[in-house]
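> Take the sequences, apply the hints, and build the full model.
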Amino acid sequence: MGNGARSDSIVRGFALSSVFWLLVGLVLGLWLAAEMVYPSLNLAPWLAYGRLRVVHTNGLVYGFTIAGIFACSYYILEKLTRTPLAFPGLAKAQLWMFNIAIALAALSLFAGWNTSKEYAELEWPLDIVVVVLWVMFAVNVMGTLVKRREKQMYVSLWFLIACVVTVAVVYILNNLAIPVSLSKSYSAYAGVNDANVQWWFGHNAVASVFTFPILAMFYYFLPKSTGLPIYSHRLSIIAFWSLVFGYLWTGAHHLMLTPVPEWIQTVALAFSLFLIAPSWASVINGFYTMNGNWDQMKSNYLVKFFILGITFYGLQTIQGPTQAIRVLSAHLHYTEYIPGHVHMGTMGWVTMVITASMYFMMTKISGREIHSVKLANVHFWLILVGQLLFTVTLWIAGIVQGAMWKATNPDGSLAYTFLDSVAAMYPYWTVRLLGGLLYFAGIAVFAYNLYMTSRLKARAV
Amino acid sequence: MKIDSLYEKPVLFALAAVVVISVGTLVTTFIPLFLPSTQPVSPLFKPYTAVETEGRDIYIREGCNNCHTQTVRPLRAEVARYGDYSRAEESAWDRPFLWGSRRTGPDLARAGGKYPDAWHYRHTANPQAMFEKSNMPAYPWLAKAKLDTSLTARKVKTLGFGYDEAEVARQLADFRQTVAAPTYPSAQVRSQVTPAGLRGEITELDALVAYLQKLGRDLKAARKPAAGAATAGADGSKNPYTGNHDAEEEGEKIFKENCVSCHGENGAGGFGPKLATTAHKFGGSDADLFASVAGGRPGGMPAFLPQLGKERIWKAVAYIRHLEREGR
Numbered sequence: 017m018g019n020g021a022r023s024d025s026i027v028r029g030f031a032l033s034s035v036f037w038l039l040v041g042l043v044l045g046l047w048l049a050a051e052m053v054y055p056s057l058n059l060a061p062w063l064a065y066g067r068l069r070v071v072h073t074n075g076l077v078y079g080f081t082i083a084g085i086f087a088c089s090y091y092i093l094e095k096l097t098r099t100p101l102a103f104p105g106l107a108k109a110q111l112w113m114f115n116i117a118i119a120l121a122a123l124s125l126f127a128g129w130n131t132s133k134e135y136a137e138l139e140w141p142l143d144i145v146v147v148v149l150w151v152m153f154a155v156n157v158m159g160t161l162v163k164r165r166e167k168q169m170y171v172s173l174w175f176l177i178a179c180v181v182t183v184a185v186v187y188i189l190n191n192l193a194i195p196v197s198l199s200k201s202y203s204a205y206a207g208v209n210d211a212n213v214q215w216w217f218g219h220n221a222v223a224s225v226f227t228f229p230i231l232a233m234f235y236y237f238l239p240k241s242t243g244l245p246i247y248s249h250r251l252s253i254i255a256f257w258s259l260v261f262g263y264l265w266t267g268a269h270h271l272m273l274t275p276v277p278e279w280i281q282t283v284a285l286a287f288s289l290f291l292i293a294p295s296w297a298s299v300i301n302g303f304y305t306m307n308g309n310w311d312q313m314k315s316n317y318l319v320k321f322f323i324l325g326i327t328f329y330g331l332q333t334i335q336g337p338t339q340a341i342r343v344l345s346a347h348l349h350y351t352e353y354i355p356g357h358v359h360m361g362t363m364g365w366v367t368m369v370i371t372a373s374m375y376f377m378m379t380k381i382s383g384r385e386i387h388s389v390k391l392a393n394v395h396f397w398l399i400l401v402g403q404l405l406f407t408v409t410l411w412i413a414g415i416v417q418g419a420m421w422k423a424t425n426p427d428g429s430l431a432y433t434f435l436d437s438v439a440a441m442y443p444y445w446t447v448r449l450l451g452g453l454l455y456f457a458g459i460a461v462f463a464y465n466l467y468m469t470s471r472l473k474a475r476a477v
Numbered sequence: 237m238k239i240d241s242l243y244e245k246p247v248l249f250a251l252a253a254v255v256v257i258s259v260g261t262l263v264t265t266f267i268p269l270f271l272p273s274t275q276p277v278s279p280l281f282k283p284y285t286a287v288e289t290e291g292r293d294i295y296i297r298e299g300c301n302n303c304h305t306q307t308v309r310p311l312r313a314e315v316a317r318y319g320d321y322s323r324a325e326e327s328a329w330d331r332p333f334l335w336g337s338r339r340t341g342p343d344l345a346r347a348g349g350k351y352p353d354a355w356h357y358r359h360t361a362n363p364q365a366m367f368e369k370s371n372m373p374a375y376p377w378l379a380k381a382k383l384d385t386s387l388t389a390r391k392v393k394t395l396g397f398g399y400d401e402a403e404v405a406r407q408l409a410d411f412r413q414t415v416a417a418p419t420y421p422s423a424q425v426r427s428q429v430t431p432a433g434l435r436g437e438i439t440e441l442d443a444l445v446a447y448l449q450k451l452g453r454d455l456k457a458a459r460k461p462a463a464g465a466a467t468a469g470a471d472g473s474k475n476p477y478t479g480n481h482d483a484e485e486e487g488e489k490i491f492k493e494n495c496v497s498c499h500g501e502n503g504a505g506g507f508g509p510k511l512a513t514t515a516h517k518f519g520g521s522d523a524d525l526f527a528s529v530a531g532g533r534p535g536g537m538p539a540f541l542p543q544l545g546k547e548r549i550w551k552a553v554a555y556i557r558h559l560e561r562e563g564r
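Heads up: the protein sequence lines correspond to chains Z and V, in order. Per our numbering, numbering through the first sequence is continuous, rising by one, with the last residue being 477. Per our numbering, numbering through the second sequence is continuous, rising by one, with the last residue being 564.
Some hints could be false.
Derived list of chain Z stretches under chain V, where covered just means 3 residues or more per stretch with a C-beta under 8 angstroms from a C-beta of chain V [said to hold, decoys possible]:
#, region
1, 100-112
2, 191-200
3, 278-289
Since the hints were derived computationally from the structure, they do not count as laboratory data. Treat the numbers as computed from the prediction; the structure is a model and nothing was measured. Glycine residues also receive a C-beta, built at the ideal position from the N, C-alpha and C atoms.
In structure tokens form, the structure reads like this:
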């Protein structure tokens, strides 16, 4: 086999870890969705809503997505550099340490060690572990790149480098804090500055975890699984630099109409609209790659994951900037519309691309065809329908909710109490739960299919 | 150097990426850290007391910010619903900020002083007992946990609130005495949710309630109530719906949605005074009752004028008259 054979077990280990944390995170998501309708599910302090929600988000960001990124990055890195990983022992240690860290992170959040800053809730001891893990990853990525045998770095590697540096910068700066005990610290920033730094982090965590590395996978696995070269190299260059430049300006669109200085909000709004262009450059690159070969949507089970994935990325990057516009933010912010938006990105774009990439890698590693193409198709349709039911329902719910909050009588008094707006949400929350159940069924099929594929013994060379 | 060679040098490429991400970071995040206008400080907004600090940490620990925001945006409907819009100065002492991003429950930036403590004790322990359609999860265990104050002095010092360890001890002792006293106005409801062994101690719920009562308090104190707002259109005026049966029926609906949780079924009394009586605490004329509902009263009666408007308040007053007749 090729040069990559040595780290196949590491890629496989991260892929299976990723799927494990995906299943855990989704079960918690279902629990939360049910608790929205049945608040009596708030059973005990360790399982209370406010703690579970944090384990759900962190479990899926740091457990599922980051492990998926590690798996795909190491795979792509070896293939595109035609070089084995620089430090396979380090990667093996990273795999073990990663899983222990995620388990400890979940336990600490269940215990209420929580900084309250969204997606940066882990307390300082675990922050240090996260940074150490990231340095281990960065050393392998940069080390392998330096030793590489392929002269040019392909676009996937650019996105990988951008992911490595951006996560490091935003994670460390946002988590600076003064500890008062092992389980408690206070942010290094106060009030408005804390909010501004937090959402600069929050938005660029989305950029560097849910965008850059997923685009790296897309640019590698779409051509690989179709046998078609990416449409335009020049477009990739323009898209890459303008995306990486533009993202860092936009954090304050999460803080529209708050006490954050108005100029910061307006700059964020302008750059949010600007970001549509480089985002859609990747969408166009993906669609044009398929030009003349759209029959593969039917004949090649992997293609539809990537193409639907990039389509949801395209929708996501239109919807996001529109939410930044002040009048729309005034109506939609704080409503169900926002979780609807987030879940299209994570359930549509991120998971479509990561799960398809895992099918591809696992068949290559095992040296055989996938366990069942039919099950892969079932997986595809269940997560597509589940996600759409979930997200479209929440968009409608958010628009209704925003309208109820704003509605006034002729004399200027409010038409609805807050409780009226809660009562109006129950039907939507029930449908969201159904969407989540369908989605989970699809992911369960995926997990089974991937596990069976990974068990197939390597074909004799 | 040919620009293409950038794609052949990974270390240089990584450095270029750092430079490119630094521009927006510097302008929108780093430089504002050093501009006093980003986080202005005003003596009108005081730091938290020792107990409020601990209550805030419980709010953080339980992730209350996942469902409750603490920023009122300068939008007409939002100011009518919650109260005055949020100022930057209000957050000066907040590490971390707790503005939140989602309103599964209502905004809490103006929760302080809106209801009596008793309201919060009962609501936190069992929200559905007060609002059947609420999906707020119950947190009865907060009243069953003694507040851990072993780190309070260190916390206050780290946060730079400007008072010393002796003052922390004094505040804790004072607070404990206040809530444990039989004269504490919310003593009855507090003892219903607090186990006997902890009634003489500070519980986690006590601290949380103290924190909630601080939210927006300094702004309310700094701003005099707008003159005449409370009694707009009510001076000496009579209820246009007196004796109007349809209006009384509408008033009953309004009463059930907005008043029952405190004043009890049929106005029999609860946290709020009994209303099925002619002996009203703040006066029983049409104008008095209107003023009480519209502008609120000290001790936990919120102002309903922005939310309900004049017409619906008069209808509610008509229903209160109906209750008076029933109560006789």
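> Now tell me if each hint is right for this structure.
Here's how the hints hold up against the structure:
no. : hint    : result
1   : 100-112 : violated (count 0)
2   : 191-200 : holds (count 4)
3   : 278-289 : holds (count 4)
Checked against the numbered hints given earlier, the structure breaks only hint 1 and satisfies all the rest.
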